[in-house]
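Undergrad: If you read the sequences in order, they're chains A and B. Here our numbering = 1-based position in the first sequence + 676. Here our numbering = 1-based position in the second sequence + 17.
FYI, nobody ran anything at the bench for these hints, they're computed from the structure. One or more of the hints may lead you astray.
Think about it this way: if two alpha-carbon atoms lie no more than 27 Å apart in a straight line, the pair counts; the simulated DSSO-like pairs of lysine-lysine are [said to hold, decoys possible]: (1) B:Lys88 <-> A:Lys775; (2) A:Lys775 <-> B:Lys95; (3) A:Lys734 <-> A:Lys747.
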Amino acid sequence: GENVEQHPSTLSVQEGDSAVIKCTYSDSASNYFPWYKQELGKRPQLIIDIRSNVGEKKDQRIAVTLNKTAKHFSLHITETQPEDSAVYFCAASPLNDYKLSFGAGTTVTVRA
Amino acid sequence: EAGVVQSPRYKIIEKKQPVAFWCNPISGHNTLYWYRQNLGQGPELLIRYENEEAVDDSQLPKDRFSAERLKGVDSTLKIQPAELGDSAVYLCASRTTGTPDTDTQYFGPGTRLTVL
Numbered sequence: 677g678e679n680v681e682q683h684p685s686t687l688s689v690q691e692g693d694s695a696v697i698k699c700t701y702s703d704s705a706s707n708y709f710p711w712y713k714q715e716l717g718k719r720p721q722l723i724i725d726i727r728s729n730v731g732e733k734k735d736q737r738i739a740v741t742l743n744k745t746a747k748h749f750s751l752h753i754t755e756t757q758p759e760d761s762a763v764y765f766c767a768a769s770p771l772n773d774y775k776l777s778f779g780a781g782t783t784v785t786v787r788a
Numbered sequence: 018e019a020g021v022v023q024s025p026r027y028k029i030i031e032k033k034q035p036v037a038f039w040c041n042p043i044s045g046h047n048t049l050y051w052y053r054q055n056l057g058q059g060p061e062l063l064i065r066y067e068n069e070e071a072v073d074d075s076q077l078p079k080d081r082f083s084a085e086r087l088k089g090v091d092s093t094l095k096i097q098p099a100e101l102g103d104s105a106v107y108l109c110a111s112r113t114t115g116t117p118d119t120d121t122q123y124f125g126p127g128t129r130l131t132v133l
């Protein structure tokens, strides 16, 4: 089955700086890669996703890049704000299988 | 539009007791998932339903866990008997089909289970 590894496990950044989280996956059949944000005690919420037919996708301060050859994808958050503090999870799934395998999560802390 | 609803939000039981969790997916969502999230980890799939059919239950510990989605809408996940290691957050998610965001899974708030 799919194995997703996520690094780092914790990340502390100064407000206004950028944050980068990296994930690798094992199953070359995976072609859907969502990122979820989970605030303490709340539900995971999708913040951005990417499919394997594109290499990069951007939504305001958030961007995701995908390298299918190397089997890794990354989340980039620019101009970080205190409300970006949360746990971020990457996931991977073969398209049309809809079975998400999640990374272990990255706890992001934005220092004011 | 109402999101995925789960109840109860918190449950504390003693080991060997039974427990049940309920989930109501987003209206019209055919696919329903149950995940378990251990502390400090990502969610792990337990079972996936397409309408009323369980199409992937390979990760469900069938000796003590059971689930049902009788009418293809809401679902119940049961543990009997509960063990200490079952303490976790149980998340329900749902997904629609036939729309541009068909891949997106929407999560409920989860049920935090503590087994004493």
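Undergrad: It remains to establish, for every hint, whether it holds in the given structure.
TA: Evaluated hints:
{"no.": "1", "hint": "B:Lys88 <-> A:Lys775", "in the structure": "holds, 22 Å"}
{"no.": "2", "hint": "A:Lys775 <-> B:Lys95", "in the structure": "holds, 21 Å"}
{"no.": "3", "hint": "A:Lys734 <-> A:Lys747", "in the structure": "holds, 19 Å"}
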